[in-house]
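Engineer: Letter by letter, the chains look like this.
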Amino acid sequence: MVHLLIDLIGGLAQLNQPSPGLAAALILATLVALIAAADWRVLLAGLALQYLWVGLLSRAVLDPRFVFVKLVVGFFVALILFVTGRQVDWSVNRSAEWPLWMRSAFAAAAVLLIWLVAGRSGSALPFTPAAFNAPLYALVVLGGWSAVAAREPFQAGVGLLLFLMGFQLFYSVLEQSLLVAAALAATHLLVAVSTAYLTLVRHQTPHPAP
Amino acid sequence: MIPGPLLLLVGPFVPATIAYLISRWARLTGLIGALLIGVWIAMVAVLPLDAPRLVQETSLFAGDQYWALGRPLVLSPGVRLLILGVATGMALLSLLSAVWPQGNSFVPAMIGMLSPLSALLMTRALTPAMLAIVPIAAMATWQLQTGHTTPTQRQTPLLQLAVFLFATGALLIVGWTIDTGEAAFAGAAWRLLALGCLILLAGFPFHWWVFPLLTETRELVAALVLSLLQLVIAVFLADLIADNAWLVAYTPLPGVLRVAGQASIGVAGLLAAAAWLRPTVAWPHVLAWLLLIDMGVTLLILGQPEAPVLALLVAQHLARFWGLLIAGCGVRLTTDSSADAWGHLPAAYGALSLIGLPLTPGFAPRLAALQAIGGASLWAVVPTVLAGLVGLTLVGRLLWQQRGRLRNLRAQANSAEAAFVIGALLLSLIPALFGGPLVRYAEQIARLFAG
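As they're listed, the protein sequences go chains A and B.
All residue numbers for the first sequence refer to the working numbering, where the first residue is 1 and numbers rise by one.
All residue numbers for the second sequence refer to the working numbering, where the first residue is 1 and numbers rise by one.
If you are wondering where the hints come from, they were derived from the structure by calculation, not from laboratory data.
Quick reminder that beta carbons are idealized off the backbone N, C-alpha and C, glycines included.
Heads up, a few of these hints could be off.
[Said to hold, decoys possible] To give an idea of the chain B side of the interface with chain A (calculated C-beta under 8 Å), a few residues:
hint, residue
1, Ala-125
2, Thr-127
3, Gln-145
4, Leu-159
5, Ala-162
6, Leu-165
7, Phe-166
8, Leu-172
9, Ile-173
[As the list claims (entries may be wrong)] From the structure, some residues in chain A lie toward chain B, with a derived Cβ separation under 10 Å:
hint, residue
10, Ser-19
11, Phe-68
12, Ala-147
13, Leu-160
14, Ala-183
15, Arg-202
Can you build the whole structure from these sequences, using the hints too?
Structural biologist: Quick look at the structure:
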């Protein structure tokens, strides 16, 4: 088991560094899908992909072992939310939502606006590669907005996780201590567990009397 | 011999586990929980911090320092006194939850919360302190949800978690900028610190999260989250600002906090005034507006570096705790009891205490705060006084609306609820008439923190 882990991390280290620009574009595209999606299964798939893209982007500044931990955390977060979704039969209340085209247009416009603002020289963050700017701002702003504005705990939780990913993208450049990395990983899991708990409470159907 | 800080870090999980195991019986959990917190308080109170070796060998826990993951945790006398105060408040809440159950997880999660709260105060570095906030927020989320029998309309529990995480993000970056010690990041440091303060202390424009918290959650949960947790957070932030004197001397941070505080009070006053346009108002809404005024005063105090900030904050938050507790009991009686008329009296008294009227526990702390705020210019206290007056008219209107029910006071006078209300009001008069112990406790904490 230990050998397998070491092989995996070694493989990650030897992996050709993907273009940060490509990883950033994938993050932005997935974010549009996540903001526009109403179906929880799409949300969950998008979230898992987002962890993967953010991990690949982080590879530009982080030790492969940290990236590996990030991916493992993402896997467990997705697993927790998958089990939760199954438990509540992927409940979605579509009645009061905007049509899909409107949500997609809004998400695309928001991401485009953030990309334009992040591209300006005044928006650059210290010690952070230029390719990080747009995905970082987009994840923080749209994830934070989604966390506050969403009606469902599942969607709000996904928003909060996106916010955390964006924050971590910046903070892991500044602070690379093991304590902080572990604490932030625990924060992701804590948010996932809280989201799962709140979702279950909200959508739990009472068992029929025997 | 085990290091003293471990009693605060790991110790709470023992009573929390016991309370969790019996949480099926909510009333019993309330009673046992209060007892267990009492035992923990006694152990922390007699803990020898800097005792000679002979004493240390005779006690299980001793010493004031413990290294966790390469960082020191220091249990200073000031931290101990503050945590003891918070734990006493929790014991009272636990006892009251035996009368009015707040959900199965209320007591275990509340006791468990003592551990990260202690860690937040014991660690002297900002980064690990901020990481201690995350479990606090998660436990508060758990409590806010279990305090409901039905799902909330809004995502109040997750909203609270989001608010704490936003602030944690900002303050983690502040920690990094302070650690680097580079003047180039001073601007970012004070701006992000101001942002963190405004988010955590519900300053304008981040005041919106207070309303659903107070109106959609059960009374004791609201008292815990909005007064005891806020007390620890406010003290932590005040201590952080005091430790980094350059923030006060060379940045506009105090001014920003004062402006945000005045804006919060102004918004609360306007919202309360707008309530006159509604056909009816309810106690939770009135309490939410009054609480927002109080939170604005917290920011004004934080923005007065020349005032005894810590003493003022501790006294203010303890008075807020008592006000929310009394008002919460009253609100509960108005909805759940056959003697509902008697519930309006503590609800009104708690509201008046939040305004800071004489003969209420909130009077002395509010007066001291206003004296500190108005030290430079009396105009600075005008918004607080005006907003308080608007709140006072709303309390009067609410009581007038309920005059039909209040006529039943005599008919319900023989009930257990009436006896409880009279007892609680008489108890409240003690800190109201003799504010000395409260003020001395607050001053003692401030002195110990400064030392």
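Engineer: All the hints need checking, so say for each whether the structure fits it.
Structural biologist: We went through each hint and held it up to the structure:
The closest approach between the C-beta of Ala-125 of chain B and any C-beta of chain A is roughly 10 Å, which is over the 8 Å cut-off, so the hint fails. Taking 8 Å as the C-beta contact cut-off toward chain A, the hint placing Thr-127 of chain B at the interface holds, the least distance being around 7 Å. Annotation: interface hint on Gln-145 of chain B holds; nearest CB of chain A at approximately 6 Å, less than 8 Å. Contact between Leu-159 of chain B and chain A, as hinted, is supported at the beta carbon level, the nearest pair being about 7 Å apart and thus within 8 Å.
Hint on Ala-162 of chain B holds. Least Cβ distance to chain A is approximately 4 Å, under the 8 Å limit. Nearest Cβ of chain A to the Cβ of Leu-165 of chain B: about 6 Å, under the 8 Å cut. The hint holds. With its C-beta approaching chain A no nearer than about 6 Å, Phe-166 of chain B sits inside the 8 Å limit, and its interface hint holds. About 6 Å separates the beta-carbon of Leu-172 of chain B from the nearest beta-carbon of chain A, less than 8 Å, and the hint is met.
A least Cβ separation of about 7 Å between Ile-173 of chain B and chain A falls short of the 8 Å threshold, and the interface hint therefore holds. Among the interface hints, the one on Ser-19 of chain A is violated; its C-beta lies about 28 Å from the nearest C-beta in chain B, farther than the 10 Å criterion. A least Cβ separation of about 21 Å between Phe-68 of chain A and chain B goes past the 10 Å threshold, and the interface hint is therefore violated. The interface hint given for Ala-147 of chain A is met, as the beta carbon of that residue sits about 4 Å from the closest beta carbon of chain B, less than 10 Å.
Hint status for Leu-160 of chain A relative to chain B: holds, with the closest Cβ pair at about 5 Å, below 10 Å. With a cut of 10 Å, the hint placing Ala-183 of chain A at the interface with chain B holds, because the nearest CB-to-CB distance is about 4 Å. Interface restraint check: Arg-202 of chain A against chain B, minimum CB-CB distance 5 Å, threshold 10 Å, status holds.
Hints 1, 10, 11, counting from the list given before, are not met by this structure.
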